[in-house]
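Student: Just so you know, the sequences run in chain order U, B, L and W. Quick note: the first sequence uses the numbering used here, first residue 10, plus one each step. Quick note: the second sequence uses the numbering used here, first residue 10, plus one each step. Quick note: the third sequence uses the numbering used here, first residue 10, plus one each step. Quick note: the fourth sequence uses the numbering used here, first residue 10, plus one each step.
Just so you know, same-sequence chains aren't split out, so a pair can sit in one copy or run between any two.
In silico EDC-like cross-links for lysine to aspartate or glutamate, where the CA-CA straight-line distance does not exceed 20 Å:
(1) Lys86 to Asp133
(2) Lys93 to Glu149
(3) Lys93 to Asp114
(4) Lys86 to Asp55
(5) Lys86 to Glu149
Simulated from the structure, these hints should not be mistaken for lab results. Since the structure is predicted, the reported quantities are computational estimates derived from the model, not experimental observations.
4 protein chains.
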Amino acid sequence: MEPTSTPPPAPTSPLIPLRSKFETVMPVRPDDIDMNQHVHNSRYFDYVLAARYDQMARCYRMPMETFLAHGFGWVVKTAHVQYKRALGLGDVMIVRTWIDAIVKDSVTVHFQILRQTNGKLCADGYFDYTMISLATGRGETIPGWIAEKYAV
Amino acid sequence: MEPTSTPPPAPTSPLIPLRSKFETVMPVRPDDIDMNQHVHNSRYFDYVLAARYDQMARCYRMPMETFLAHGFGWVVKTAHVQYKRALGLGDVMIVRTWIDAIVKDSVTVHFQILRQTNGKLCADGYFDYTMISLATGRGETIPGWIAEKYAV
Amino acid sequence: MEPTSTPPPAPTSPLIPLRSKFETVMPVRPDDIDMNQHVHNSRYFDYVLAARYDQMARCYRMPMETFLAHGFGWVVKTAHVQYKRALGLGDVMIVRTWIDAIVKDSVTVHFQILRQTNGKLCADGYFDYTMISLATGRGETIPGWIAEKYAV
Amino acid sequence: MEPTSTPPPAPTSPLIPLRSKFETVMPVRPDDIDMNQHVHNSRYFDYVLAARYDQMARCYRMPMETFLAHGFGWVVKTAHVQYKRALGLGDVMIVRTWIDAIVKDSVTVHFQILRQTNGKLCADGYFDYTMISLATGRGETIPGWIAEKYAV
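Excised from the complex, chain U in its bound form (with noise of 0.2 Å):
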């Protein structure tokens, strides 16, 4: 995965601090391709995840490993996957990722997949991920320190 980054556009407004979108590049593996010859609708949950996992270490310098020492986790409550173009045998793709919310235990991370050669959007949606504490497995209020972790 090569690393790439957007700047984050220019804030329209005070009250809405607006966040970095990143973007981690990746192949489509042989073994993602399902008997329609195109990419297998639930691997995009899985380019996304990997994506995440690449941002939160590199961009976000907080890597998943830092969550869990702290004995916090992360829960998918929802997945949201809108598919616009098959990505098939061969191809590249760009996973651009960003936050918009963060509300008490939760976080939505809005996501696009777009195909590297020509830019073209094949898949965009989201997911609401709820943090845990790993102790008792129920959501916990996101702390102040890595909210501010995630205002970049």
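Here the structure of chain U is known, so what remains is to put chains B, L and W in place on it, guided by the hints.
Tutor: Frame of chain U; chains B, L and W shown alone:
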């Protein structure tokens, strides 16, 4: 997959014909479990896919092969999954699906995934599918005789 | 997975105690099919894994959980798979496995995967497993009481 | 996947032409990790497949598409994998493959998977492939012009 089915509830209005809910019973496979010791999020998508293939053939009497033989295919436009309780190693699930809307070239399939031992809801959501012509790759108005098959 | 089992064949020699062959019945899932319209080669590994989990609990009366509770785990050292006939969409298979050698810290598990409708052999091979101590991560001599469980 | 390649070692005999070893660099994806916190055993198979697709196009100048255009395909007859050290989350690997024998309709592809950071061997083994005619599904003698492509 052991077949079971729920009879359709009594229609509440002659204007809103309610459709049957069908069920497929499936085991979690060990390769479905991820590093968090639960079924990997994207596998729920595959469970619904497996249930639909089973139910298309067994419940609607129109297996995917029949669609293909008529030059039709299905593509997913939107996937929406809400995670409630994680499935784990050794679990057996019931995947219940039903159709609520057929509009032009599209069908909305709702689903619930329940743990078999206690009937608790583990995930629910919906998939929007578009019927395409395999020749053109474009959406095709769903003909009456197919809509009728889906009217059970 | 519906359980079935084959009684062990009559021993041909008192010096070579033969072990039972056990069987697990499983369906191919649509997400197992790859771009060649057949079950993806690597999924056969996963079918054998699923059959072993089932058979450890059901046939050897010693589920993986018991191994873990004793501080033991299993790691694969060698996988050898011979592909004879491809499984495809809608197929149901029988996964037959048996142990032939327990040597110090290792067990060889043989397998055959058969198409259920006609009993034809689709794949066979073996896996060498090493029993490890979870505490050290190193191979551990298989104790007599475990070898006995496996002597059925 | 970033390309690299190793020049072929000096031949030890004019009768045994040695072939080049090619390398593909790939990251572990989070969805490759299983409940044991390591790359799932069957994914090593997929890594070798991905490396071969890359190397067929980039190193042998004969991508899979060219085989298909000539009416040829490849099927795996035997897979043999020896696991040495587990790959884990965040690892980047080098997948090195080379051909050692072309006999009639078959090719043996050897592989090694190395951890990029320290060059340690994580897995090795081989795959026997048969070239088939897509029209008949049967093994086809590998023509001279293809064998030559593979003689680099």
